[in-house]
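Q: Single-letter residue listing:
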Amino acid sequence: MPLNSIKIKSIIKSTAFQEECLAILSFAAEVCEIPKAVLSFVENNSTTIIAQTGESLSITTENSDWLNAKIIQENETQTQSEPTFYMGIPIIFGNNTTNGTLCFWDSKPRTINATQLKIINHIVNEIQRLHQLQEQFSESEPKELYKKILDRLPTEIAVFDSNHRYLYVNPAAIQNEELRQYIIGKDDFEYAEHTGRDPQFAQERRDRFIEAAKSNSVIEWIDEIKKSDGSTSIHTRKYAPVFGEDKSLEMMVGFGVDITAQKKAEAALKISNERFIYASQATSDALWDWNMQTDKIFVGESYSTLFGHQFENNIITAAECENFIHPEDRENYFNHFDAILESNSTKWSDEYRYLKSDGSYAYVSDKAIIIRDTNGKAIRMIGAMEDITERKNVEEQNRLLIEENNRNKNIQLNEAKNMYRLLADNTVDLVCLHNLDTTFEYISPSILKLMGYTPEELIGELPMNFVHPKDLELIQHSFTSFITEEEDENAYVEARFRNNKGEYVWFEVKARIVKENGNPISFQTSARNITQQKEVQYAMKKALAQERELNELRTNLVSTISHEFRTPMTTIRTSAELIEMYIEGHNFVHSAQLQKRINTITEEIDRIVELMNAVLTISKDDAGKTNFNPTIFDLKQICLDVIETSYSHQLGGRKVQTFFEGDNFTVFADKNLMEYSLFNLLNNAFKYSEGAGDILLNLSSKNNEIEIQIIDFGIGIPEKDIPKLFNTFFRASNTEGIQGTGLGLYIVKTFTERNSGSIQVTSELGKGTQVTLNFPLLKS
Amino acid sequence: MKKVLIIDDEIKLREAIVELFSFIGYEIVEAQDGLEGLEKVKLHSPDLIICDVMMPKLDGYGFLKNHMNSAQSNIPVVLLTAKTEEIDEITGLNLGAKDYIKKPFSFQDLKRIVEKHI
Numbered sequence: 001m002p003l004n005s006i007k008i009k010s011i012i013k014s015t016a017f018q019e020e021c022l023a024i025l026s027f028a029a030e031v032c033e034i035p036k037a038v039l040s041f042v043e044n045n046s047t048t049i050i051a052q053t054g055e056s057l058s059i060t061t062e063n064s065d066w067l068n069a070k071i072i073q074e075n076e077t078q079t080q081s082e083p084t085f086y087m088g089i090p091i092i093f094g095n096n097t098t099n100g101t102l103c104f105w106d107s108k109p110r111t112i113n114a115t116q117l118k119i120i121n122h123i124v125n126e127i128q129r130l131h132q133l134q135e136q137f138s139e140s141e142p143k144e145l146y147k148k149i150l151d152r153l154p155t156e157i158a159v160f161d162s163n164h165r166y167l168y169v170n171p172a173a174i175q176n177e178e179l180r181q182y183i184i185g186k187d188d189f190e191y192a193e194h195t196g197r198d199p200q201f202a203q204e205r206r207d208r209f210i211e212a213a214k215s216n217s218v219i220e221w222i223d224e225i226k227k228s229d230g231s232t233s234i235h236t237r238k239y240a241p242v243f244g245e246d247k248s249l250e251m252m253v254g255f256g257v258d259i260t261a262q263k264k265a266e267a268a269l270k271i272s273n274e275r276f277i278y279a280s281q282a283t284s285d286a287l288w289d290w291n292m293q294t295d296k297i298f299v300g301e302s303y304s305t306l307f308g309h310q311f312e313n314n315i316i317t318a319a320e321c322e323n324f325i326h327p328e329d330r331e332n333y334f335n336h337f338d339a340i341l342e343s344n345s346t347k348w349s350d351e352y353r354y355l356k357s358d359g360s361y362a363y364v365s366d367k368a369i370i371i372r373d374t375n376g377k378a379i380r381m382i383g384a385m386e387d388i389t390e391r392k393n394v395e396e397q398n399r400l401l402i403e404e405n406n407r408n409k410n411i412q413l414n415e416a417k418n419m420y421r422l423l424a425d426n427t428v429d430l431v432c433l434h435n436l437d438t439t440f441e442y443i444s445p446s447i448l449k450l451m452g453y454t455p456e457e458l459i460g461e462l463p464m465n466f467v468h469p470k471d472l473e474l475i476q477h478s479f480t481s482f483i484t485e486e487e488d489e490n491a492y493v494e495a496r497f498r499n500n501k502g503e504y505v506w507f508e509v510k511a512r513i514v515k516e517n518g519n520p521i522s523f524q525t526s527a528r529n530i531t532q533q534k535e536v537q538y539a540m541k542k543a544l545a546q547e548r549e550l551n552e553l554r555t556n557l558v559s560t561i562s563h564e565f566r567t568p569m570t571t572i573r574t575s576a577e578l579i580e581m582y583i584e585g586h587n588f589v590h591s592a593q594l595q596k597r598i599n600t601i602t603e604e605i606d607r608i609v610e611l612m613n614a615v616l617t618i619s620k621d622d623a624g625k626t627n628f629n630p631t632i633f634d635l636k637q638i639c640l641d642v643i644e645t646s647y648s649h650q651l652g653g654r655k656v657q658t659f660f661e662g663d664n665f666t667v668f669a670d671k672n673l674m675e676y677s678l679f680n681l682l683n684n685a686f687k688y689s690e691g692a693g694d695i696l697l698n699l700s701s702k703n704n705e706i707e708i709q710i711i712d713f714g715i716g717i718p719e720k721d722i723p724k725l726f727n728t729f730f731r732a733s734n735t736e737g738i739q740g741t742g743l744g745l746y747i748v749k750t751f752t753e754r755n756s757g758s759i760q761v762t763s764e765l766g767k768g769t770q771v772t773l774n775f776p777l778l779k780s
Numbered sequence: 781m782k783k784v785l786i787i788d789d790e791i792k793l794r795e796a797i798v799e800l801f802s803f804i805g806y807e808i809v810e811a812q813d814g815l816e817g818l819e820k821v822k823l824h825s826p827d828l829i830i831c832d833v834m835m836p837k838l839d840g841y842g843f844l845k846n847h848m849n850s851a852q853s854n855i856p857v858v859l860l861t862a863k864t865e866e867i868d869e870i871t872g873l874n875l876g877a878k879d880y881i882k883k884p885f886s887f888q889d890l891k892r893i894v895e896k897h898i
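Protein chains in written order, with this note's numbering: chain A, 1 to 780; chain B, 781 to 898.
Calculated directly from the structure, the hints in this document are not laboratory data.
Quick reminder that beta carbons are idealized off the backbone N, C-alpha and C, glycines included.
Just so you know, nobody snuck in bad clues.
Cβ pair distances, simulated, as ranges:
| hint | chain 1 | residue 1 | chain 2 | residue 2 | range |
| --- | --- | --- | --- | --- | --- |
| 1 | B | Asp839 | A | Glu644 | 29 to 37 Å |
| 2 | A | Gln760 | B | Gly805 | 49 to 57 Å |
| 3 | A | Lys596 | B | Lys782 | 28 to 36 Å |
| 4 | B | Lys782 | A | Val589 | 32 to 40 Å |
| 5 | B | Ala851 | A | Val589 | 50 to 58 Å |
| 6 | B | Asp839 | A | Gln595 | 37 to 45 Å |
| 7 | B | Asp839 | A | His468 | 43 to 51 Å |
| 8 | A | Glu644 | B | Lys782 | 30 to 38 Å |
| 9 | A | Val589 | B | Gly805 | 27 to 35 Å |
Which residues of chain A face chain B? A few of them, derived with a C-beta cut under 10 Å, are:
| hint | residue |
| --- | --- |
| 10 | His563 |
| 11 | Thr567 |
| 12 | Pro568 |
| 13 | Met569 |
| 14 | Thr574 |
| 15 | Glu577 |
| 16 | Glu580 |
| 17 | Ile605 |
| 18 | Val609 |
In silico DSSO-like pairs for lysine-lysine, Cα to Cα no more than 30 Å straight-line:
| hint | chain 1 | residue 1 | chain 2 | residue 2 |
| --- | --- | --- | --- | --- |
| 19 | B | Lys882 | A | Lys671 |
| 20 | B | Lys882 | A | Lys596 |
| 21 | A | Lys655 | B | Lys896 |
| 22 | A | Lys625 | B | Lys845 |
| 23 | B | Lys891 | A | Lys687 |
| 24 | B | Lys882 | A | Lys625 |
| 25 | B | Lys878 | A | Lys625 |
| 26 | A | Lys671 | B | Lys896 |
| 27 | B | Lys878 | A | Lys671 |
| 28 | A | Lys655 | A | Lys596 |
Based on the sequences and whatever the hints tell you, model everything.
A: Right under this line is the structure:
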């Protein structure tokens, strides 16, 4: 009856039942005028008070226990009227067993009349009925609830009585409802017989049952059941004994879980883990498998080999693992890791330093795949850690080497720069570095001496702002072609720049593009003060202009003089002639002398005029004012014309004999200059051969040349004088008494050469002179 | 008696020329510049005009231009030139001068040219 006992206790202890009972007791005590009433539940000599009235009267536990025991023992009403009153009535809670008492007490003697007794009996009935009601109530409500819960539990549950007979089986344990009904009150042997199963399992369970009952603890075992379809299902079984207050076995609760699927998974996992282990043995990388739900990481054999850490079963927690990451790398590691985890990525990799058991850090390259559930949540990661310490060390060494190299290079570069700067800083010339928009980036300190500016004043300024307005266009043009023309990386320009006093200084500027990887990044200029040179140039230019001016002035002067002199000369000459006319026919004492003086005057006037003409010709030629208009003409015709015009009526009947050889006498020359030369030479020939016959003019056209020979048979020229004949104002030593300027041959040579000709003189003193002119023949 | 007009600003030269022509037997009329020359031409209608080039007021070329446009343009003009440039002579001839005499000249030169054009 253990189950009833539990039920009764639970009812008696319920507040609702106790309150109800108290109400009934209070009514009875009041009606019967009895000071104290106590309702108790008695079991195994212990008493539990359910309800009592009459606080004023206290009953000793000894008395109370004695009466209760007596009621239970006698199982009938016990009454005493004096000296004190008591009345104890047995109460039956549950199944026909006296397990409760209702006791009335008074401190003085009294009797109970028939009416009062009637009421008391009624109360007893009421209490017993109340209990039955409660029992029904409690049976109908929680029992249903428990049953529902148990029926739906996926865990197999069976409850056995102390004899290992089934009290309850849930559907998880036995699906078949008929079988479930059948088994209540049966044991496993009957069950085996009923179902035709090998009774071996019944014996095993009986042994477990006894073991659990004896050991007073939960026992657990694994049970393999061969199913009718030949497959095997695996179950874990537990027996949990329930003992009563008398320490005897009240019941046994059996639990069972079908772990077939789990076992299969475990077996698979075992295979996979074995593979994992084999893989981890095959590679030097530390393989790891992180179950992110349990936070446990299974690591391969190489993990210990690489890092020296040893863990039981090769399992490490994520927290432990994180502690091995170098503190300096942790922040980066977690930031990166969290970012990857929040993304949809299925791959993760990182490089970081990882603590080894010897306290040193290894560089690891860690790569993993991320396994996500259907919601995208990462649940597992499988990865491999590679020790890249050696590689990192090599990289680090390389980096240090490169750094060292760069540092050396920088030092060299800086030295070169410093040298350059030193040069630039100390040069008297100006050295500047310009940005591509021409603004100054660097200016050598020489700017201060050269221009009065400090470099700081000018940095960022445009050079164009300092250029003389007249040179601006030149500079801009030069700069544009310099920047745009690729092949010409150097440029040169001379220009004036304004100094800090507002004066302009001449500079010679050389520019050069500075390129980096073939692209112009800036340009560099060096500039030299050429003001002095420019001044010299200017002075020279001025001097030249002055000279030219003087020359012109001289020419003009000569021209003016020759012009202005002519009129007085004419007057003098005419006057002399008038005198000559006046004395003519008159016999003066000195007529002969007068005539001679008059001749001298006219001769000298003519000589002055001749000289003036020659000087004017030379002066004009020196000033570049001689007209030179070459044309194509026949030289033979010119010779004949000159002879006809000027030498057809010579004194003493002298004439020019001409000889021509060849047909073509065409030349390309200036006709006037040619005429002047011929006239001059013929004039000389006559002048220096007075009384020595005719003059010969030979004209011959040979090959590519025309040759003119003018031959006289006069006084000739001393040999020593021949080389000086073409000098100005030179006259041969034997010409005294013969009028001449000493300029004629000089002019002839000048004009002949201008006409692309040449002149030679051969002479024999006292025998005559031959002048030869050669001109290129113009062939038709 | 043939009448010759001498136009020259140089009095001394004019005097000398006048004397020379009186030897030959010409009537001489004198003028000291181009403007006076033009008046004298109208006044005396000479047979020949001898005219200097370089003169104040109106020079020889100016006189020539005016003269050649006048009713008496048929009267020949001989230029007296102190210039040596051929261009001056050509200019004069182009303007209508009959001939020219370069300074300084000889009596023979003068006589020959005057007789040629009178």
